[in-house]
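Engineer: These are the residues of each chain, in order.
2 protein chains.
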Amino acid sequence: MRERLSSDTYIDGILAGDRVVLSRAITVIESRLAEDKQLAQAILNGILPHSGNSLRIGITGIPGVGKSTFIEALGMYLTGINKKVAVLAVDPTSSKSAGSILGDKTRMEELVKSPIAFIRPSATGLSLGGVARNTREAMLLCEAAGYEVILIETVGVGQSEIIVKGMTDFFLLLALPRAGDELQGIKKGIVEMANAVVVNKADGLFAEEAAQAVATFQNALHLAPGDPSGTLVQVLACSALENKGIREVWEVVQDYFKNTVANGFFTQNRAAQQVDWMHELIRQNLNDLFYQNKEVRKLLPNVEAKVGEGKMLPAEAAQILLNMLFKI
Amino acid sequence: MRERLSSDTYIDGILAGDRVVLSRAITVIESRLAEDKQLAQAILNGILPHSGNSLRIGITGIPGVGKSTFIEALGMYLTGINKKVAVLAVDPTSSKSAGSILGDKTRMEELVKSPIAFIRPSATGLSLGGVARNTREAMLLCEAAGYEVILIETVGVGQSEIIVKGMTDFFLLLALPRAGDELQGIKKGIVEMANAVVVNKADGLFAEEAAQAVATFQNALHLAPGDPSGTLVQVLACSALENKGIREVWEVVQDYFKNTVANGFFTQNRAAQQVDWMHELIRQNLNDLFYQNKEVRKLLPNVEAKVGEGKMLPAEAAQILLNMLFKI
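As they're listed, the protein sequences go chains A and B. Quick note: the first sequence uses numbering that gives the first Met the number 0, first residue 0, plus one each step. Quick note: the second sequence uses numbering that gives the first Met the number 0, first residue 0, plus one each step.
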């Protein structure tokens, strides 16, 4: 294990915008070692007053839609207008799959060279809850380090989108031209979460199809329930490969922020997200306290066997195990 | 409140197949009164050795597919071959909606008259977890009362299907002719859970369309991942209204049971369901123990407000509240 610094050293380094320290602090946060947990909490407490000042944008889309290319194009546009950009990823499957999601930093070859960009591959091998916790905390650290836009990439598996929606201000769905296929491939609930649908690969032979896809999405969204933000879901086309339409995407994002800050939704939404996250942490902690309890662990295999064989009612078994935790 | 009987009186009545006692026992199980909880547990413990001997069948489909008509037709077919049939419902939305799901017992006008059928409208006004618990326990009571087939109706909202899949042996999806529309209306995950897809309303003008729908579903399912039961998903057409194809549906169900009992999946699946249910009860109980704790309840509004205003980290707040529960 690499040597740890003092919490103050991490905090000072992060606040000074030192990317190496930021990166090492995220490693502390992702660590599952008991001795790192206290350090992680100290770092988080130290940076908390300096967090929150970014636009948090979730980006999703089915594999093949060009998420990395799009994120690089958007990131380059933003660094070009002098915005500090951090890219994070939520991918609960990355430990198993070939890791299409930021698995290889070098896929964003241009953006990675920018002195005002920070790219962090996804944490792997943890539960979805763990991944969510790490990503959320990494986001706070990036904000304290002065990153003004946080792009959070996610794969289109449903649950991770819900998690990213719960930690971002704006949710962007990337889609392919050929809207017929596309609408079937994207889960309906995900389309409904989007603040904007961006049809990528609107280049060459696909330009016309992309325009059709935009119209199809516009019609489909026309029928969808209104967004609680009080804004309309925008649909537009771009070509990340040819760098076309990226500025327009950013304008849509900016309009959204302007409108939701003005109508109060932005603040309300962040407050509600914080409270939801507290309840999610309570759920996770209760679960951990229970399943990591020594006596529960000792008893569990036996109780599970009895329940499986029908020799004990699940309710009775649950009660016996819960008594282990709450007995005095 | 109606007078309660002794637990032995409930148990004896259920085992004797008394439908009035069975119905009153289910009311005890659904009760949220503290004094009823102990009684409910005593009844469950008493009937447990007599439960498990039924075929548990989940039935779902979008509104308008003819679920009630189908369940009545299948129920009448089964009582006609002298099988005792119980009909239950899982509907977490029934307290809000107009209650399309068994809301009105009288919709199954014929079946309700049969001396060997038992129909129980859905419990309302509870959480999804509560509805699931009640339905599962009502099912055990029906089994102890000698019902050989339990039909559990559910609405097509996704989460209730997962719950019903987790408590049944066989999951039947009802569909409409016109497969194009239909495939879009049914959530994809639900089609994947089905052991059989039955295209209803294959009568009159729709007979031909129903045949096409069967072919479309067969093609779609051909590409779906194989069922862990080692059986093929069957697709067939019926007309519940004209009582056509109902016997064939039952043959498919029987074949499934024969095959899964023979290959061991039936027993494995029931054992796994029991263990899953134990863990779900643990989750629910941990949640209840926490949120019903007096000190947690006193502190919660204040802590939520601080978190919402960004004055306290969610992790810190979670810890403060958890300390209330676990302090000695």
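Keep in mind the hints are simulated off the structure, nothing from the lab. Honestly, I wouldn't trust all of these hints.
[Unchecked claim] Partial selection, computed: residues in chain B whose CB lies under 7 Å from chain A:
no.	residue
1	Ala15
2	Pro227
3	Gly229
4	Val274
5	Met277
6	Ile281
7	Pro313
8	Ile319
[As the list claims (entries may be wrong)] Using 25 Å as the maximum straight-line C-alpha spacing, the simulated BS3-like pairs for lysine-lysine come out as follows:
no.	chain 1	residue 1	chain 2	residue 2
9	A	Lys36	A	Lys83
10	B	Lys305	A	Lys310
11	A	Lys164	B	Lys36
All figures in this text were calculated on a predicted structure; none of them were measured in a lab. From the three backbone atoms N, C-alpha and C, an ideal C-beta is built for every residue, glycine too.
Engineer: So, against the hints stated earlier in the document, which numbers end up violated here?
Structural biologist: 1, 2, 3, 8, 9, 10 and 11
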